[in-house]
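K.L.:
Now for the letters of each chain:
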Amino acid sequence: MNTAILRAENLRVTATHPDKSGDTATVLLDDISFVLRRGEILGLAGQSGCGKSTLMRVLCRLLEPDSGRVWFSGQDWSDIDILEYRRRVCLLPQIPVALPGSVEDNLRYVFDLHRDLTPPADMVVLLDKVRLPRDFMANEAVSLSVGEKQRLALARALALRPQVLLLDEPTSALDPENAEHVTDLISEVCHIEKLSAVLTSHIQQHLRITDRILQMDKGRLESIAR
Amino acid sequence: MPADFISVGWLQVGYAAGFVLVALVLSRLLRLGVEGDIIVGGVRAFAQLVFLGFILDVVFDVQNPWVTTLVFLAMIIAGAANAYLIDTPRRPSTFWLFAAVLTIVFVGVTLPIGKWILAAKPWYQPQYIIPFGGMLIGNSVTAGLLVQRNLGKLLHDNLAVVETKLSLGASARIAAQPAVVEAVRTGMVPTITSLLMVGLVHIPGIFGGQVLAGLPAIEAAKYQIVVMYMLTAGATLTAIGVAFARVRGFFTPRHQIRCEELARLR
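Going down the list, the protein sequences come from chains X and P. The first sequence begins at 1 in our numbering and counts up one residue at a time. The second sequence begins at 1 in our numbering and counts up one residue at a time.
Hints are computed from structural coordinates only; laboratory data are not their basis. Note that beta-carbon positions come from the ideal geometry of N, C-alpha and C, so glycine has one too. Mixed in with the good hints, there may be bad ones.
Residues from chain X shown here face chain P by an in silico Cβ test under 8 Å; the list is partial [what the hints assert, rightly or not]: (1) Ile82; (2) Arg86; (3) Arg87; (4) Leu160.
Not everything, but these chain P residues come out facing chain X in the computed CB check (under 10 Å) [as the list claims (entries may be wrong)]: (5) Val59; (6) Gln125; (7) Glu163; (8) Thr164; (9) Gly169; (10) Ala170; (11) Ser171; (12) Ile174; (13) Thr252; (14) Gln256; (15) Ile257; (16) Cys259; (17) Glu260; (18) Leu262.
Just need the whole structure built from these sequences, with the hints factored in.
P.N.:
Structure follows, in structure tokens:
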């Protein structure tokens, strides 16, 4: 639990916007440093627009920071093949995305992409993990509800056998009851699969399953809330 | 010139301009707001075609491979420049990309047609190869521009899906593949539609021109078939070439989407 699986050092991201007086730079992330310990669920709290999603995209390396770097399992991320890194550090975005095709197609996509991953003998075990009904397998993925898509996205991520899950406001689009269920599910899955996770939310209640909470404000890590 | 060929005098060309006047009056009456475009288009079409006629008469008389090559270079440059001017927003890279793709398409399609299919002697005989090349370049520019415009839009519209695939460890090439395929299809739609409609709904230019010039219709049909197949190959090569060249620009070497590039093209 005490060794770091992910260590972010001085991450800084700026965005430039053209306007009348030329290009204006806005700081989205300012000198972000923190450690995610192995097996830990780390909460990231903060109001909408404070930079949580930007930080998650940077940690998954979908967005390159202007400066700073990340260490994964003690290895500088620039020494790791980026596609391999994304398998290990997997992002679940705020709005879950269903890929075209059936639920089964969505799960198979991962195994088609990574031939070295052995698919389970029966794909339904992945649905069991996220408590989606087994008879959903043939359903069109795009026709699922937001909550069901969130579970499918989680199942798809688990198929990758990642070491870190980046969960960006996974409950923000859900009603309170569904949000509670998904929060409990995330906690259960992380413990069973022995995953480390960063969980963001602007609602404190949704961070109850975390071991620690970092507070973000205007692109900076302000304080340790718990 | 065949004996029964009816030559059109400049006066008759002037009378034909009366049809443009009809279009102008209708545009004015119905407040279509295209009067300016009709006038500019009409004048440009007249000037460009008269200029082309004079130049080609000289080129056909000279029968020199280097002169033919020069005409083709000019056509490729004009095609690439038009692609640059039509594309929005304008990007200098469009000129160079189209110049490269059109050159490849010309060398890969028109030259083999002149040498082996028409078997003209000499193979560079300009009255055969220049009209074929001209049609090829015009059609290919249309296909390439359609691909270029649609690729950015498709990637933008499917940004969440593309980024989800990247986050699952897909490479940029794999994540963008559906958008690339769709953009290539879009670029080929006009050419494939022409293939399906030719002879049924519309009589294309080369067929009509040859019939007007007094050639048997079946000879004109054979030429038109060669042209249609050539345009299909040209549009396919251009659409694929432009799509593969352009898609790279939407991603960083680290398989990250260049969102600013997509936003710029929206």
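K.L.:
Flag every earlier hint the structure violates by its number, smallest first.
P.N.:
5, 6 and 18
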